[in-house]
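Student: What follows is the residue order along each chain.
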Amino acid sequence: MSGDLLPWLGQALVALLLLAGSFFLVVGSWGLLRLPTLLQRLHAPTKATTLGVGGILIASMVHFLLEDGRLSVHELLITLFLFLTAPVTAYMLAKAQLHRARLEGGLPPTGRPVGWATFDPAASDPDPDRGLRPDRGG
Amino acid sequence: MIELAVAIGFAAVGLGTIFCLIRLALGPDAVDRALALDTLVVNAVALIMLLGIAQATAIHFEAALLIAMLGFVGTIAFCKFMLRGDVIE
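Same order as they appear, the protein sequences are chains A and B.
The opening residue of the first sequence carries number 1 in my numbering; numbering runs sequentially from there.
The opening residue of the second sequence carries number 1 in my numbering; numbering runs sequentially from there.
Okay, chain A solo, but in the shape it has when bound (with noise of 0.2 Å):
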């Protein structure tokens, strides 16, 4: 019985953990699909979707150790890839649009005194302008 029982609850944590990854990532998708603007946007895939795709390859990693009794560590491997890059993304294409909706004046009120803070240098910046030129010389 005890015999019998193992391997189940491993099937069981597999197929739990595939379903979970998958539900994360068509929630993801969705989110992309049918949130309004960019900046909502960009929560759903970046949280979401990321959770789901780690789900899956934790799953595949309890499988074949249940299946060859080997650890693969590539599934570990590609989930921290994958956990470490999603915020430097999220991070690039929040701050790309921000720089797209500034040059077309589009950019939302913050309702605080100071502007958005990739914009609204403070006052002791010796150089107020950094990042914001063109071509920066070289």
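What the hints contain is simulated information worked out from the structure, not anything from laboratory work.
Since this is a predicted model, take the numbers as computed values, not measurements.
Computed footprint of chain B on chain A; a stretch qualifies when at least three of its residues, placed anywhere within it, have a C-beta under 8 Å from a C-beta of chain B:
#1 49-59
#2 78-84
The calculated label-pair distances, taken between Cβ atoms and stated as ranges, are:
#3 A:Gln11 to B:Gly14: 21 to 27 Å
#4 B:Leu4 to A:Asp4: 18 to 24 Å
#5 B:Leu70 to A:Gly69: 28 to 34 Å
#6 B:Ala11 to A:Ala117: 38 to 44 Å
#7 A:Leu65 to B:Ala30: 38 to 44 Å
#8 B:Phe81 to A:His43: 22 to 28 Å
#9 A:His43 to B:Gly85: 24 to 30 Å
#10 B:Leu51 to A:Ala117: 42 to 48 Å
#11 B:Leu21 to A:Phe81: 22 to 28 Å
#12 A:Pro108 to B:Leu51: 41 to 47 Å
#13 B:Gly14 to A:Leu77: 21 to 27 Å
#14 B:Glu89 to A:Gly69: 50 to 56 Å
#15 A:Val88 to B:Leu51: 25 to 31 Å
EDC-like, lysine to aspartate or glutamate: derived pairs with alpha carbons at most 20 Å apart:
#16 A:Lys95 to B:Asp86
#17 B:Lys80 to A:Glu104
#18 A:Lys47 to B:Asp32
#19 B:Lys80 to B:Asp29
#20 A:Lys95 to B:Asp29
#21 A:Lys95 to B:Glu89
#22 A:Lys95 to B:Asp32
#23 B:Lys80 to B:Asp32
We treat Cβ as the ideally placed atom computed from N, Cα and C, and that holds for glycine.
Got chain A; can you put chain B on it based on the hints?
Tutor: Leaving out everything else, chain B in the frame of chain A:
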């Protein structure tokens, strides 16, 4: 049980891929399209991992890792181009 979960996963991730493709076609802005491409890459990695589980082979991991890396570098290059008008200055 795992076969059923893999089948449901294929259907869900395929649906997500279709959503990304619709956003890629609609996307009012270039940033939207870059975001849709990035999500498409994540969905592609998930599809490849599901294929690996379904076929019980471990040869797809390198492909998934390569696609994830190319997707990241590609998205960063797109963003850099939109920010600065150039990829490498």
